[in-house]
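Dock chains B and E against chain S, hints included.
Top line first, the protein sequences correspond to chains S, B and E. Those letters in the first sequence? Residues 1 to 586, by the working numbering. Those letters in the second sequence? Residues 587 to 724, by the working numbering. Those letters in the third sequence? Residues 725 to 971, by the working numbering.
Careful: at least some of the hints might be erroneous.
[Unchecked claim] Using C-beta positions, here's what the derived DEER-type ranges look like: (1) SER921/E <-> VAL692/B: 28 to 34 Å; (2) THR565/S <-> ALA924/E: 55 to 61 Å; (3) ARG431/S <-> ALA924/E: 42 to 48 Å; (4) LYS613/B <-> SER61/S: 56 to 62 Å; (5) THR565/S <-> THR860/E: 39 to 45 Å.
Source of the hints: derived by calculation from the structure; they are not laboratory data. No experiment lies behind these values; they were computed from the predicted model shown. From the three backbone atoms N, C-alpha and C, an ideal C-beta is built for every residue, glycine too.
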Amino acid sequence: MTPSYDVVLVGGGGAGLRAAITIAEANPRFTIAVVSKVYPMRSHTVSAEGGSAGAIAPDDSLDEHAYDTISGGDWMCDQDAVEAFVKEAPQELLQLEHWGCPWSREPDGRVAVRPFGGMKRKRTWFAADKTGFHMLHTLFQTSLKYASVVRYDEWFVTKLLVNDGRVQGVVAIDLQSGKIEAITARSVILCTGGCGKIFPFTTNASIKTGDGMALAYRAGAPLKDMEFLQYHPTGLPFTGILITEAARAEGGYLINKDGYRYLQDYALGTPEKEPVLRTMELGPRDRLSQAFMQELAKGRTIETPYGPVVNLDLRHLGEKKIDAKIPFVRELCVKYQNLDPVKDLIPVRPVLHYMMGGVHTDINGATPLPGLYAAGEVACVSINGANRLGSNSLSELLVFGARAGLAAAEHASSNVEISQTVLAQAKDEHRRIEQDLFSKKGHERIADLREEMQKTMDESAGIYRTGAALTTAVDRLRRIQERYADVVIEDQSKTFNTERVSALELANMLDVAETIVMSALRREESRGAHQRTDFPKRDDERYLAHSVVHRNPDGSARVEYLPVTITRWPPAERVYGKAAPHGGSN
Amino acid sequence: MSQSQEQPEYQHRVLPPHISTFWWLEKGSYFAFILRELSCVFVAWFVVYLLLLVRAVGQGDAAYQQFLAWSATPLILLVNIVSLLSLVFHAVTFFAAAPQAMVVKVGPNKVPGSLVLAGHYAGWVAASAVVCWLLLGA
Amino acid sequence: MADQIKLQVARYRPGQESEATFDDYDVPCPKEWVVLDGLNHVKDRIDGTLSYRWSCRMGVCGSCGMMVNGEPKLTCATFLADYAPGPVRIEPLRNFPVIRDLIVDIGDFMRKLATVKPWIVREEEKPLSAGEYRQTPEQLDDYKQYSMCINCMLCYSACPVYGLDPNFIGPAAIALAQRYNLDSRDEGSAERVAVLSEHAGIWGCTFVGECTKVCPKNVDPAGAIQRYKLTAAVETVKAFFMPRGAQ
Numbered sequence: 001m002t003p004s005y006d007v008v009l010v011g012g013g014g015a016g017l018r019a020a021i022t023i024a025e026a027n028p029r030f031t032i033a034v035v036s037k038v039y040p041m042r043s044h045t046v047s048a049e050g051g052s053a054g055a056i057a058p059d060d061s062l063d064e065h066a067y068d069t070i071s072g073g074d075w076m077c078d079q080d081a082v083e084a085f086v087k088e089a090p091q092e093l094l095q096l097e098h099w100g101c102p103w104s105r106e107p108d109g110r111v112a113v114r115p116f117g118g119m120k121r122k123r124t125w126f127a128a129d130k131t132g133f134h135m136l137h138t139l140f141q142t143s144l145k146y147a148s149v150v151r152y153d154e155w156f157v158t159k160l161l162v163n164d165g166r167v168q169g170v171v172a173i174d175l176q177s178g179k180i181e182a183i184t185a186r187s188v189i190l191c192t193g194g195c196g197k198i199f200p201f202t203t204n205a206s207i208k209t210g211d212g213m214a215l216a217y218r219a220g221a222p223l224k225d226m227e228f229l230q231y232h233p234t235g236l237p238f239t240g241i242l243i244t245e246a247a248r249a250e251g252g253y254l255i256n257k258d259g260y261r262y263l264q265d266y267a268l269g270t271p272e273k274e275p276v277l278r279t280m281e282l283g284p285r286d287r288l289s290q291a292f293m294q295e296l297a298k299g300r301t302i303e304t305p306y307g308p309v310v311n312l313d314l315r316h317l318g319e320k321k322i323d324a325k326i327p328f329v330r331e332l333c334v335k336y337q338n339l340d341p342v343k344d345l346i347p348v349r350p351v352l353h354y355m356m357g358g359v360h361t362d363i364n365g366a367t368p369l370p371g372l373y374a375a376g377e378v379a380c381v382s383i384n385g386a387n388r389l390g391s392n393s394l395s396e397l398l399v400f401g402a403r404a405g406l407a408a409a410e411h412a413s414s415n416v417e418i419s420q421t422v423l424a425q426a427k428d429e430h431r432r433i434e435q436d437l438f439s440k441k442g443h444e445r446i447a448d449l450r451e452e453m454q455k456t457m458d459e460s461a462g463i464y465r466t467g468a469a470l471t472t473a474v475d476r477l478r479r480i481q482e483r484y485a486d487v488v489i490e491d492q493s494k495t496f497n498t499e500r501v502s503a504l505e506l507a508n509m510l511d512v513a514e515t516i517v518m519s520a521l522r523r524e525e526s527r528g529a530h531q532r533t534d535f536p537k538r539d540d541e542r543y544l545a546h547s548v549v550h551r552n553p554d555g556s557a558r559v560e561y562l563p564v565t566i567t568r569w570p571p572a573e574r575v576y577g578k579a580a581p582h583g584g585s586n
Numbered sequence: 587m588s589q590s591q592e593q594p595e596y597q598h599r600v601l602p603p604h605i606s607t608f609w610w611l612e613k614g615s616y617f618a619f620i621l622r623e624l625s626c627v628f629v630a631w632f633v634v635y636l637l638l639l640v641r642a643v644g645q646g647d648a649a650y651q652q653f654l655a656w657s658a659t660p661l662i663l664l665v666n667i668v669s670l671l672s673l674v675f676h677a678v679t680f681f682a683a684a685p686q687a688m689v690v691k692v693g694p695n696k697v698p699g700s701l702v703l704a705g706h707y708a709g710w711v712a713a714s715a716v717v718c719w720l721l722l723g724a
Numbered sequence: 725m726a727d728q729i730k731l732q733v734a735r736y737r738p739g740q741e742s743e744a745t746f747d748d749y750d751v752p753c754p755k756e757w758v759v760l761d762g763l764n765h766v767k768d769r770i771d772g773t774l775s776y777r778w779s780c781r782m783g784v785c786g787s788c789g790m791m792v793n794g795e796p797k798l799t800c801a802t803f804l805a806d807y808a809p810g811p812v813r814i815e816p817l818r819n820f821p822v823i824r825d826l827i828v829d830i831g832d833f834m835r836k837l838a839t840v841k842p843w844i845v846r847e848e849e850k851p852l853s854a855g856e857y858r859q860t861p862e863q864l865d866d867y868k869q870y871s872m873c874i875n876c877m878l879c880y881s882a883c884p885v886y887g888l889d890p891n892f893i894g895p896a897a898i899a900l901a902q903r904y905n906l907d908s909r910d911e912g913s914a915e916r917v918a919v920l921s922e923h924a925g926i927w928g929c930t931f932v933g934e935c936t937k938v939c940p941k942n943v944d945p946a947g948a949i950q951r952y953k954l955t956a957a958v959e960t961v962k963a964f965f966m967p968r969g970a971q
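If we strip away everything but chain S, and leave its shape as in the complex, we get (with noise of 0.2 Å):
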């Protein structure tokens, strides 16, 4: 007996919980199952620090967000999507209070709110510096509340099923038997969240290895702005773990290896003793990572054995502010850099952070391919364009999981017949994994293929990039495609086989990281996080447009172009540190 569900979630961190539970609020007569290949509260949500972003500070507009997010994502954001987000988002937040999220307060009792990157006003809502963390717990221990939510825990998805152009279902190992099953829906919503573990250097979990991207592009959806990829600019040396922006929204300093805060220098304003909103350390992370690198070119970082660093000044802030306002990144630099913030200077660089591109979807998450639908940082909307601003992801997860949510059951409800063929795929993705795959005696080892994907990646899609680079790398990955075909799978046990799992997920990596180069490859200009030397300028004339690619029938890349939805706010210059032109306040 198949089991089938009305919608499935592949991934259960915020997005995905988030949509299951409005779907289980919207119509309690659904069946719902939230497939994941970890528990979810091991989803890389988890990690998140900061903040998650809503207005509601008097002084705050819906139009202020709107314009920080519009200006901040360089004008690639679709501007209908993101005004329905800022709107949302406060109520979203709103909700999960109410479930009992613990948000930092005021001593008054009511929500506090901090400054952050990119924004003009005080509106990031804050669990100390572990939002994320408090967000996944809350929203998996509320999921609890409904029967009607089934998990398969450590269920990894390997296929979507797709009939004559719908989705409808997935096929997935049960990774504790081995035992590989179809599992039919009306709706897939993919939750899966990002992709760095493509890069050597990531902020990223293990786990970070763009799943539904691929799952998606091969059953026919597009994925769009892969090309966009957010480095942080505060990850520790060496792990990669991330210092959240929060350290700099309550004053923290970024200084070179005089001593100097060199932000200044790069547009981003004079430098203050508190932190003033879009000026310096609290710029937008695209702009702070271009002058890290700029940094560099000058000699001016600090050579580690890890690489070079600048300084994180936390200092000046003093311990009771530490601990009351960011405890964790104390933790962290005390455990993974044996320094206290309190009194040291803790060295930081770029860090590959968040994917701003994914599965191309609508305002309400739905994909082309009808019957599927994403949310969170697995789809692009977009409302983060070239460049993220921070705290945008966390409210991103609960505003696109409820919509895809309802989009998504909406969808079931109109009670498409789940035709029978779907399980002649499922049985051919069996063979394909238990025989294929499986019975390689191959010589390439996993690990290589994947470091040499990572270098590739590294070398060409970095935070400056070159046509002659990303051509290289093109050819560098289909290589590494090619030798994939020869991989070793030692494990031979069907019973919680991590290698096997390790091949797929490198599969999907390497599909994925395809798709960004051509994207990078064919975007000649400068936009937001995507920096091209030999095209310095952005260019609104031919590339206010969303990159589209597509996989051919042969497994090829193409890449078309979406025009950006522009509703009130027309391209602009992006101001920091100083008044803007027009558009908003400053």
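Using the frame of chain S, we list chains B and E on its own:
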């Protein structure tokens, strides 16, 4: 969630957890815990002993002298010494656990654990002082 | 500082073996490496069949709990160099059934967690239009510590009561119940009493205190349990003298 009845190649045996009968010897803290629990036996002994003392006193001087002589025998002496040590251990570990188990608030502020602990010892000293005064003073 | 360190890793391959065995691996030992880095080196370079769970590598997801030299640890937060010259014995978390190698079955905890109703229970929900439930920083402090649990299961491994009696609901589940009981927004204490006051609930705990010792997040589950014992006792006495109406 899945039924793997029909596919024996997917059935696997899970290793059940096992705990040794001598688990309490594996770690210092486990051993100390068991000693703490065993100290209750000696607490019970002391209660019995106290009741016997009270009964002897109530039965007059001869019974009381006999009780004292019995208490001085090597076995009872040994048992009582061990019991005293055990009781001190019991009290110290009990007090040490108190701040963890009791959260005392004065208005909105939490009383620090060290003060809760100090309070327990102060209470012990005070009670002992009263008993001493009763036995030796008045 | 030694260049290499020996890892003695417990292996269990169902279908191939009926008991756990140990495999030895020599791995590099730079000062920044944690035990997890050593395991990753084994899997990537030496023996691809070694299976274990991990994810965030920063001590917040709770995936990588294992026994290291007999103590339950997060392998991503335990430095290899601290065990030099070695060897380092790595085993699956104690007190749990072993599925494979270093991977244990935590299904028991997942079921028990749901039974304590770890969510906000209210007589009447406030509409969103009425805004947030006011909660002062002091009220947040009342339960904040218990909300830090990452579900890593180290406490269950350390607890001899759970080892001797698998029905015991366990430290993390009780701490999470307390997290909601003490949350000023919650009104569900009465609904949680029944499950917690069972013999396999709080009264199974004999305050060994090891759970608190091994907790990597300072949740202090032992404290949570003892505090709840007092609450539960008071509730029982109150119910005896002033029985509530029919539930």
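Problem - Structure versus earlier hints, numbers of those that do not hold, lowest first - result: none
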